[in-house]
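K.L.:
Make a model of the complete structure from these sequences and hints.
Chains as they are written, first to last, in this note's numbering: chain V, 1 to 232; chain A, 1001 to 1185.
Below 35 Å or equal to it, Euclidean Cα-Cα: the simulated DSBU-like pairs (lysine-lysine) are:
id : chain 1 : residue 1 : chain 2 : residue 2
1  : A       : K1094     : V       : K207
2  : V       : K208      : A       : K1123
3  : A       : K1171     : V       : K97
Don't read these hints as lab results, they were simulated from the structure.
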Amino acid sequence: MKMRRVGSHPIQSVMEWFEDGIEAGENGILVYPNTQTFREICMQYAKDHLVAREEEQKENEDNDDDYSDNNNRRKEQLLMPRIILIATFYDTVNAVKHNLSAVGVDVQSHIDDGSLLIVDAYDGYYRNIDGIKKLVASLSERARKEGRIGVSVISNMGFFFLYDGDGDASELISYETSLPSKTDGGNVRGFSCYHTRDYENLDDSQKKELLTQGQKKSLEVTESAAYVAFDA
Amino acid sequence: MQGLPSLPVVVRLLLSGKERKDKDTHSNENKYYEGLNRNRSNEEHSNEDNKDDKPLANLLIVDDDPDIAQVLEQGFLKNSFLVSTFTNPEEALKNFQSNSEDYCLMLSDIRMPGISGIKLARKVKEINPKVKVVLMTSFEIKDNEFSKVFPSTQVDGFAQKPIRIEDLTNKILDIIGESKRRISL
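P.N.:
Here you go:
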């Protein structure tokens, strides 16, 4: 596996990868350099999808007379944004809410309207390793029923490094490989996010297994750049 | 070494550390805080109040949140402890491996990337079982959360953040109790 540098700004590169690199129905792997970068990724993504959408929606409402049947679907999409699920691990749920509010996201209203869920990844994995998967499946179903664009899942994988002894990554690899790299007709974009210090706990064969068994796309972000992995 | 700005004796961690991060200054956590990964005694501290007191104990403090680590360091220095503070658990472990006999107790955050507090506790106890371990977290401590850890990891106490420094100090003094060392300078 080789790495190719993409974009000029790490956070922007991640946003572009989230949008263009990972299609609906796909699960990708993101490695981030520090917790602050992960915070910024969550903040930027929520801002782009929730705040920008609010502004666009307001603008369209102001020009409501211009709406025609052709853009009704667009209007509906604006009214029904994708569901964003953030499974946090190194920050508390309240801290994530606080951070999102700081960039202008009306957190409570988006939680209330079902567009935003913030959960502790610990709760999503501890009692039942498939807890997050089940939650995502229900969100996916709800998104379809509500006519939403889909679901985006930003999940911090730090939980899998909380207990395990050195080198024991079997549970993690088993979990990751259980997530299909691509589901035809799927409406979920999944991003498994690893702090680089956690990721570096894996040996080369485990990293390879993580990526190749599920044929996952991956993006590795450093403090100054972002790199996508590709087959040599 | 320059003295740190003095803090009130009772330092309240008003918010959990993970909620207090300054987004701009912590974009590079390691660089920002590399200066803190060192040992300080209260002799080096600017506080003169306890200059005649001998340190109560030597503590190893590990928290990946630089703000929390600094507040703890200053609070314990003020309360007459010797402290070595680390934001990187790998570096803390390296230090402990070389100086395990110097420490009386390790106070560590639980959720840290690289080496979690639980793993760190396990390693510390392997190296020197006499050293007490207190784990702290900003997250709700659930009844069965640590059932997966015990009995493989012996932990002497837990602390839920936010916590007042004086409460944490009392907890630590209770834990080190009989084994409390007075360190001669």
